[in-house]
Amino acid sequence: MSYVIDRRLNSKNKSAVNRQRFLERYKKHIQRAVQDAVDRRSITDMERGEDVVIPASDISEPVFGLGAGGERSIVHPGNREFEAGDRFPRPKGGGGGGGGDGEASNQGEGDDDFTFSLSQDEFLDYLFDGLELPNLTKRRLKGDGSHKYVHAGYTTDGVPAKLSVVRSMRAAKSRRIALTGTSKRALKAAEAGRQKAEEAGDELGVARFEEEIARLRRRVLRVPFLDQRDLRYNLHLKQPMPTSQAVMFCLMDVSGSMDQQIKDMAKRFYLLLYMFLKRHYARTEVVFIRHHTVAKEVDEQEFFYSRETGGTVVSSALKLMHEIIQDRYSPNEWNIYGAQASDGDNWNDDSPLCSRMLSEDLLPLVQYFAYVEITRRTHQALWREYEAVAKRFPEVFAQQHIRELGDIYPVFHELFSRREAA
Amino acid sequence: MSTREPISTGSDWSFELIETYDREIGAIAREFGLDTYPNQIEVIRSDQMIDAYSSIGMPLGYNHWSYGKHFVETQAHYKKGHMGLAYEIVINSNPCISYLMEENTMTMQALVIAHACYGHNSFFKGNYLFRTWTDAGSIIDYLLFAKRYIAECEQKHGVQAVERVLDSCHALMNYGVDRYKRPYPISAEEERRRQREREAYVQRNINDLWRTLPVSARDGEVHEPTFPAEPQENILYFLEKNAPLLEPWQREVVRIVRKIAQYFYPQRQTQVMNEGWATFWHYTLLNELYDRGLVTDGFMLEFLASHTAVTAQPPFDSRAYSGINPYALGFAMYSDLRRMCEHPTDEDREWFPHIAGGDWRMVLDGAMRDFKDESFVLQYLSPKVIRDLRLFAVRDDDREEEIEVAAIHDPSGYRRVRELLASQYNLGDREPNLQIVRVDRRGDRSLTLRHTEHKRRPLGPSTEEVLKHVHRLWGFPVHVEVLRESGEKALVHSCPGAVKAA
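Sequences listed follow chains A and B, in order.
Numbering that gives the first Met the number 0 applies: residue 0 is where the first sequence begins, and numbers increase by one.
Numbering that gives the first Met the number 0 applies: residue 0 is where the second sequence begins, and numbers increase by one.
In silico BS3-like links for lysine-lysine, alpha-carbon gap of 25 Å or less:
{"#": "1", "chain 1": "A", "residue 1": "K13", "chain 2": "B", "residue 2": "K79"}
{"#": "2", "chain 1": "B", "residue 1": "K467", "chain 2": "A", "residue 2": "K26"}
{"#": "3", "chain 1": "A", "residue 1": "K26", "chain 2": "B", "residue 2": "K78"}
{"#": "4", "chain 1": "A", "residue 1": "K13", "chain 2": "B", "residue 2": "K155"}
{"#": "5", "chain 1": "A", "residue 1": "K147", "chain 2": "A", "residue 2": "K237"}
These stretches of chain B come out as covered by chain A in the derived footprint (C-beta under 8 Å, 3 or more residues):
{"#": "6", "segment": "405-416"}
{"#": "7", "segment": "457-465"}
For the chain A half of the interface with chain B, some residues (derived, Cβ under 7 Å), not all of them:
{"#": "8", "residue": "R6"}
{"#": "9", "residue": "N17"}
{"#": "10", "residue": "G69"}
{"#": "11", "residue": "E70"}
{"#": "12", "residue": "I73"}
{"#": "13", "residue": "F81"}
No wet-lab data here; the hints were simulated from the structure.
Every residue, glycine too, gets a C-beta built ideally from N, C-alpha and C.
The shape of chain A in the complex, shown without the other chains (with noise of 0.2 Å):
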């Protein structure tokens, strides 16, 4: 007696929980794990998952078993030339006899580092967790595009692709009700008398009922199946979608003392940036900004490789970004980030000016604005002035230095770690 069930339509992943339960108690080796992905990592394959390598004895379910020593005798197949009663020396420092053994096919698994796949998405969680926007008064807007539709009951004028059959059907039901009532009630009435004069054999009234059945009869016969005002058509109403959406400027310094070191460094801090922002935006733009002497708005494949010389103007970025919020993503409905990586030079007379327009034309702009110095020398003039600009704006200014690639993830998780509401 066999039964024959078909199981592979049942739940998937029954073991996700077991899966969480496993990853959440080695949270510390899994984020470990992250940080070193994201200082060795290439910058453009950041999203996808990671190896992530547990040491074995960080891992083992420990059991009661026999250690090294003693005496033991093993049966192995496959003899050739052994004889009984040869000797010859301990495999391997003699620990506990031999390769494979009874015992360790017992105990299922070997000393060797215990390796798993995180997923992208679990990856990216790992990357950005603890970490937080700060600063999300986030603006309901209405764009364009983010409308959707929703079902709002029924209306008695629309296209013919809309008719609701059964609500149609149902109203014409109920008007051929309303309208026929009557008259099918005395068409009744009619019949019964027109039976009642045939039996009494009274021709006259027989002929006056039938007259009366017909008139009747054409009275129900005249209201319609089916009439224009039955007709209802489903009704859907364009509502806007609130969405976010966010702007991110990466400004970064061209000039010649930034190599390409140093360049890759402030990559890889855009990059965790903007997946990040991804995150959290629906709609996520990047507008990348170059600049030495003069700025100039370009596409990330110049942004990152091209090479200028010359002198630095940090101010000139900072008004170009200006003029591009002005011009084309209104604070009102965009959240504006920035960015700005530099190595620290710019031109000495021109940091006060780029504190003042920090302060007074892009910090009332935007949500939150990061400057990272990217530089194993002391600072310049530049770190300075904006020192006092963070003193002043704590809440939206923030300003970190790099001086590794290993520096970058901390430095991020520092500027982007979740604060105790003030």
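We have chain A already, so just place chain B on it with the hints.
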């Protein structure tokens, strides 16, 4: 010879074909006298198979991170192509549940049906260990009860608190079996009712243990009986009943792990027999199908290819070697039993006078019912199998410089090889012999475990870790003393606090 049309010719399966094969195989199995539970054959996807894998084959288990770990591990291996997925998974329940993977070809499905639904199934129903230790009828209900109960505890006491208790219990899972008392099967409803009673009762009485302080020790020599009166090998049971600080729900969790450990206890002792039996029968049943013309030559070639892969035994010096393959050893032994009955040689008559020339079905049936791996090998490993597998024994004594070949597959070595291989399957030989011998009721309430040494083999490196788990459940200090073969005793571990090896 072929009197009938083959059941199928292609490699695609369908539900009708599975039913047809099952019917034919089942009919042959009954002709051979196999007694089975009803079968419940379930077709699943490969990811469901991974699920089943990671929950150690339990169709429904409570949630625990370690299952997640196994899942992640299996998934990683599978994705890298390091392993093919389960040949089959079969659950010792009534009806007996077997999983077929949808990716398999028709041949593989038939193979699994023969292997699991008739091989393993009849073993579960017939072998004395399974009959004694497991109750196929109620296991699914019990697992469901366990899953619900643990989920309830998680709600009440938090996931972490439950996880900690489970971690500790899992560490002691191998020491949660009563080896000498037969468990009494009970229904899930009964189980729930008794759980509630136990909870109330145990908590009321647990402190009795500590109330029996001696009146006074004026003359200094009060003979207080030791507690426990006899050494206890079932550590989890002892903790469940006697640990002073456990909450009622914690006791129930200990009990659940203990019950599940008991359910798996026979499987750990019958690997060679169980797999050998199932392999022998899928081989026999499918060959019979072929002889009756019900399957094609192509079917047989595919079947033999995977049969050969499963029963392959790499030699000890091969890179693929990882111990003796239970499928290979078991299959070789059962096949040889049949050979000895049908074509006995003089050697067989000398070694197995009561078997040689007998009725092979009776002999095999007996060899399936009344043994576990250790006694099975000791009883039935024939010189021919030893020669075929070219078995040899290596003795490793840490007092000597070199290791020694103790015996090989020659007339003077057969018995020695057989004894040594049998002892290799003795659970007592693989796991340290640990028993609870003492609770210091008058002092610090410490618990002492005694490790009775066997062939001077010490406890492994994870002992300290496991002791922490014992300590967590017991709530007071835990010691391990070793009883050496010379009769001397020494304290070797303590938790909390380290003791220098004496």
